[in-house]
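K.L.:
Listed below, chain by chain, are the residues.
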Amino acid sequence: MNPVIPGPVPVPLPAPPGLLDFLLVFTFILHMLAMNFLLGGVIILSVSGYLGRRDSRYHELTRRVSRVLPPVAAFTITLGVAPLLFLQLVYGQFFYTSSVLMAWYWLAVVFLVLLGYYGVYWHQLRHDELGPKGAWVMLATAVLFLLVAFIFTQNITAMLHPQDFYPRFMNGQVGKIFGPVPLLNLARLAHFVVAAAAIAGFGIALLSSRWRADSPEFADWARRYGVTWFMGGTLLQFLVGLWFLFSLPAEIRQALVGEKFAVGVLVLGILLALVALLTVAMSLGAASVAVLGTVCAMAVLRHLVRLAYLRPYFDAHSLPVQGQWVVFSIFVALLLAGLATVGWMLYVFYRPAADGRRVSV
Amino acid sequence: MNYPVWEPFMLGGGLVIGIIAILHVFVSHFAVGGGLFLALTERKAYRDNNPALLEYVKSHSKFFVLVVLVFGAVSGVGIWWSIGLVNPEATATLIHVFVWGWAIEWVFFVVEIAAAFIYYYGWDRLDAKTHLRVGWIYFAAAWASLLVINGILTFMLTPGRWLQAQTFAAAYFNPGMFPSLVVRTSVCIALAGVYALITSSAVRDAALRSQVVSYAAKWLLLGTLIIPFGGIWYISALPALAREISMGGAPAVSIFAGLSIFFSALVMAFTYFGPLQRPRQFNLVFAFLIAVLALSTTAGTEWVREAVRKPYIIYGYMYSNSLRLADVPRVRAQGVLKSARWVRHRDLDPRDLQPAGEEIYRVQCASCHTVDGYNSIRRAVRGWSWAMIDYELDHLSSLGGFMPAFAGTEAERQALGAWLTTLNPPPADISIAPEAAAVEIQSQDAIGKGAPQP
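As they're listed, the protein sequences go chains A and B. My numbering applies: residue 1 is where the first sequence begins, and numbers increase by one. My numbering applies: residue 1 is where the second sequence begins, and numbers increase by one.
Okay, chain A solo, but in the shape it has when bound:
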């Protein structure tokens, strides 16, 4: 039986699908960086909060990192809007269908994020009063965010299996169709969570350089601590990544292996991760470039996997296009102006005050 897939919207795409795919992947990378820091950050702070009962350095670390998390949470959400917008534009037929089938769970994401976000604020604003209990707040927040990640992997994977839409529809009640949870999705979830812990560790190492001015010893320790998370996460990722790769359906894996570009991207991502591992102890700058490169390569590879899944059912290039170039140009101009404005605000925020005082954030 042919899979039941909703028809495309009879309004032309406002730009060629190649450009939309590029924006989808590009903005997804931005979202990934913030999301990794947030999810990994709350995981690291749960562990550090627990360790902080015996060692005050962990307590100091949770205090300092907790101040950074609220803006990171805000940017995770906002930066996530753009890729989801482009996903809905190009792949809406698949995304909406899988979302509607699991509507209650998908809607729950909003409430889980809201609660988790307030958890992040609670931990920051009441850090010293909470003391050792702060670890529990972070743990609860981590559980909320992990649930969000789980629902996301479930939906974003389900949308790639349109052949299952109609049988699932026939066997369940629309809105409550969540399962089954294949091993593939657990591997995918683990892949993201381990990456998040590694990137957040790396982020803490980067942050520590800002603490050097007021407490150099602590900053050195925090840097080593962050690097440990990064190295542990990345080493573990080699195993988890393999697990994920080999839980992909054979035909998808073969399609990727048969495509030189995809293999190149995968090899590049792995090599860059190795470079990051080797350089992180010596130069955070060099490792940053390698980490960013790895994230970019993995985001591109993820997109290629999506295309491989959907190829039998859908080709975005067959859709009519009517470019809205004037308003697109306005978007690009405003994006540049917006980034310049944000850059200026960050500059005035971080430049040393006239009286020489520096407040660490």
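Simulated from the structure, these hints should not be mistaken for laboratory data. Ideal Cβ placement from N, Cα and C applies to all residues, glycine included. Some clues are possibly wrong.
Claimed, not checked - Covered stretches of chain A (chain B as the covering partner; in silico rule of three or more C-beta atoms under 8 Å from a C-beta of chain B): (1) 71–83; (2) 223–236; (3) 319–328; (4) 341–350.
Assemble chain B onto chain A, guided by the hints.
P.N.:
Positioned in the frame of chain A, the structure of chain B alone reads:
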């Protein structure tokens, strides 16, 4: 038709969106107006050399960040989530038309959030002039995001020239855009006052409290006074049917519109005689009372705005049940069950019409109705005979102008009627009606047996 239909228990999709949207509107307009309030009040504190007032602005900015950046941002995402689940076809259409508009709004969000955090964390780091400048950047970005989304929202009710031209400019600069911008901007100013009343009531110093309370009251009154002018302009831009519904054509809408006006009058009266005239006696309970009245006004107005768009979701283009007007003739000719992708029964069984009838209800009616909850269909047809139900189904579009005409074959209409008849125990004399209908359908041989349409 194109997507599976989700029926949220008792609430119905419309109310799920409505609950999230009303709360979001109440916070997001504060996100804009509150930004203006922060910048202007900070400037006032510098000009009057009033450090106490500056301290108040600081504490207000913390409240602002906690309400706006968390609840405002997440509930905004919540609306998007819910419309995608309840009306995927319309959401997809809007995204096709407005993706660059949303992308531009997203740029403003990024600036807005960065500015809000730098403003909040920057009280002790930035010099006064730079800090105030960041406040203005926040407000400019927040208002610009309203400017963008406002045009997309009004497009749904007044798509104007887009129906012919199908360009971004025609869609965005639609007839309702500017009037609605005036209304929403004044709501922003009024809500800045509402929230400022809450924080100012908690100020410890009595003299400062009085000063800030009456200052906040002026914001609320000023904003509320402008709303009717924008409102009248907005109503004049509405399509004729929508205007008729909003001006008394439909009792339910009139009640809600009346309540909305009543609540806003109460807000004004309470604000004038309370915080403005007697700021010393003002307290947190009073502030919450005004906030609840303002929220009720918001809820009523948003409900009316949604209701007058019926029977469309995009006026003159797509019905509330996601059926495009252009597709109606095809659906009439080939039938709902063969046009819809997500049905379990593609064929009518003349001996058992109810399952198909329920299916047709789900596809055509469940976007607005529930069986037993909000806008209950069981209550709507209570006491109606099968013949009456069938007659009304045949004349749906004339039922108060709220509903699109039934799109489907005559046999399908009768199947829907048969199912609706089973919802309430029918009087004895017409209990045979569904079977009678089946016989009639059989005799007309109206049931096609084509292959399922994927």
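K.L.:
Check the structure against each numbered hint from earlier and tell me which ones fail, lowest number first.
P.N.:
2
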